[in-house]
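Enquirer: Construct all of the structure, not just a fragment, from the sequences and the given hints.
As given, the protein sequences belong to chains G and E, one line each in that order.
Count along the first sequence from 1, add 281, and you get the number used in the working numbering.
Count along the second sequence from 1, add 100, and you get the number used in the working numbering.
Read the hints as simulated data drawn from the structure, not as lab findings.
You can trust all of the hints, since none of them are fake.
Part of the chain G face toward chain E, derived, beta carbon under 7 Å:
hint, residue
1, 296
2, 297
3, 298
4, 318
5, 320
6, 321
7, 508
8, 524
Quick partial rundown of chain E residues pointing at chain G, CB under 8 Å, derived from the structure:
hint, residue
9, 281
10, 283
11, 348
Since the structure is predicted, the reported quantities are computational estimates derived from the model, not experimental observations.
Heads up, the beta-carbon is just placed ideally off N, CA and C, and yes, glycines get one too.
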Amino acid sequence: MLTIPVLRWGKPYESLEHDEVKHFLTGEPIARLGQANGGILQRDMRFAKRARDVLRDIPHDELLARIAKAADLYLNGTLPMGDGVQSPDDFAKQQSASTGLPVHMAKANMAKNHYVLTNMSTMLDALTRGLSPAILSRGYGVESRGVTVSYQCQSPVVGLVLPSNSPGVHTLWLPVIPLQVGLVLKPGSSEPWTPYRITAAFFEAGIPREAISIYPGGHDVGPAVLSSCDRSMIFGGTATIEKYKGNPKVQAHGPGFSKILLGDDIVDDWPKYLDVMVQSVYANSGRGCINTSGIWASRHTKEIAAAIAEKIGPVEALPPDDPNAGLAAFTTPGAAQAIWKLIESKFKESGVKHMTEQYGPRLIEKERCAYLRPTVVHCANSACGIAKDEYMFPFTTVVECPQDQMLEQIGQTLIATAITNDERWIGQLTDAVHIDRLNVGPIPTIKLDWLQPHEGNIVEFLFRNRAYQTTPERLAKVK
Amino acid sequence: MSQSASAVSPEVQAKAKAARERLDAHTYETVQWHFHPTTGCQFWLEYAKNELKFDPLKEIKTYDDLKKFPEFQDEWLRGGPIRRWVPQKLMDKPLYVFETGGTTGVPKSRVSHDDWRTDYSNFSETLPDDKFPRGANWLMLGPSGPRRLRLAVEHLAQVRGGICFCVDLDPRWVIKLIKKGWMEHLEEYKKHCIDQALTILGANHNVQCMFTTPKLLESLCQALEKQGKTLKDVGIKGIFSGGTEFTPQWTRFVTEEYLDGVFMTPTYGNTLMGLACSKPVTAADGYKISYYAPQPRACTEVVEFNDYNTTVGYGQTGRVKLTTLTKELFVPGFMERDEGEREMPFDKYPWDGVSGVRPFHELAEATTVGVY
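Expert: Below, the structure written as structure tokens:
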């Protein structure tokens, strides 16, 4: 069994306390994870500035070359992991074993992280709109069009309070080191694997150890991250999002309530878009905030719901190492049962129909975990209580709603795929501030364009564009 | 790992036997006092008459006999009239009421005449004079208001010949801030308390000893570090502290990184018990923290989770059960919101202790710990 220590600016710290990371099926311990206390993290923040300094000492091209090397090591290398080593296969199996995610999905997430790391230069160019990296590094400079600009870094480190159940979220923080900002990571108790493996790859590729800290720990570590770092990301539920709303220091990520909206002009051809809908609901076991949880149309909703149910309703809970496994397990005792109880209670409402009922029970209870099989619910109108729900498994409602009321009714939506050619409606969708990412056309909600911001532009989160005036002589030196 | 009673030396075994006999005698005496019609308090006299199926005056002769009492309900401590808990012989004495909890609803309360002074006078005798110098002044940086601790620490300072400086701290407001998610306000309130402490420590008052909580100790050390100072630099020699977040890891962290040789002793206590002292904490012993109640005035047991009348084996885990046996208060078998491991008697405290104290796992989710 691996013993994985706390990392204090790259230095292993053997805590007196450990938490066991267990296999979700057998209960066997997979790793002993050292536990930090919040005070350690707070004290270490004395050296936060050093984290950025050591990264700024590396020329930007060189830094990106090391990131590309790290990408390869992350995907293919056997890397140090605590008191042992970890191959890519070990990683996928360990992540699957502790999170309930099928092994092939863990591997797909590896490929996704690898893609982001290897394309970092292009991505940063897109996110900064072509700004020279030297301007972000130095804090000021002259744009290619001859205008003086300044981007002031708002924090030498970014704190991350990472989730246990969503190994897909890690792409969000991968650009931080390339932006020459340090990392303070609090991994989820069941998913230490990605933060530690990416960090190991970074170190092997020559990223300075002083740039990254990892603090697994208990209840006081998350708040310590948020109170100690001037910029942090946290992952949680709706309550977490509400708690940090309007706080410029915290970017809170939670449910997406992503949706597919079918326009009146195309809805009669809905079978053409069935695959897009199914893929958006079902991919990656429906765990992501980018998975569709609501499909809205003005007519044919019952047929659409029945067709999706026919496709995904029969999906069975398969063992995690089965290449056909499409469902992740709920590893927290009682979680799946509680979610299903809640969903079932909502079926009683008038206008709500459970469309996957004929494909057998949805709640599958195993000895140490449980699964929820894909669930499709038809809502006769948008007032149904369940219409805007989102759950961490393939779950969608199909809601009947007139097109001219949709924008008013859908609520906060991380990703909206609007399948329509109605330019007037597209204009209204484009202007809707409660939609974050807008896809116009039959684009699955799960398809990300890495060259565009996701849930806010990380460059804008970390850097403030402000005025900066100086003498022409000084500017000439940095042109 | 399970320990064996045979690991205790014959000397300690003899002391443990004597301590047990003292506990039995003290139990008998305390029950006689609280249940006698001329001395007992209204609550227990009525309870014996209306609820108990046995006569405590006749049937409680030893500590083990207390198992005959049904489980003590902490709800009984909420609400009044408060004088129902006062033994008749103490009715005309000056009385205090101390409260715990109370963020929402009616807090639990305990009425007291002199117990709090006795408990802390006794505790004073356990403190090393070189670390808590006689005549030195104290800083009380912990919960104030209707809590016993504020007065008790002041008394402790006084019995040791010092004067106690205090800072106001309302834990009920702190818990509300956490529940509301007002973390910025929480930070500001903490800073407000620490600023006052820094002012006192920097005002040439000869403060060498202090009580504080783990969270506030960390914050105070951080604030001093920002000024380029340590606790030692501002004259502190000894600290006593308490709380369930007082883990071996936390103790090691502050010892290695903040205390710079300043002595710190963990304690475990509450308004009902008084103060349990700690066996000396050392790096060699992995910073293990074991607490021993002030027997015979209070006694802790570590009991099975599914049978509160059965103690677990040494080294085994169970829930902490507390019995208070003073002339001012009789509480048989109060189930604490904590769990831990049963510890062996040793020379200084020849009775059972408890280590690894942490929130009781069945209640842990609902427990807000380390708030101040």
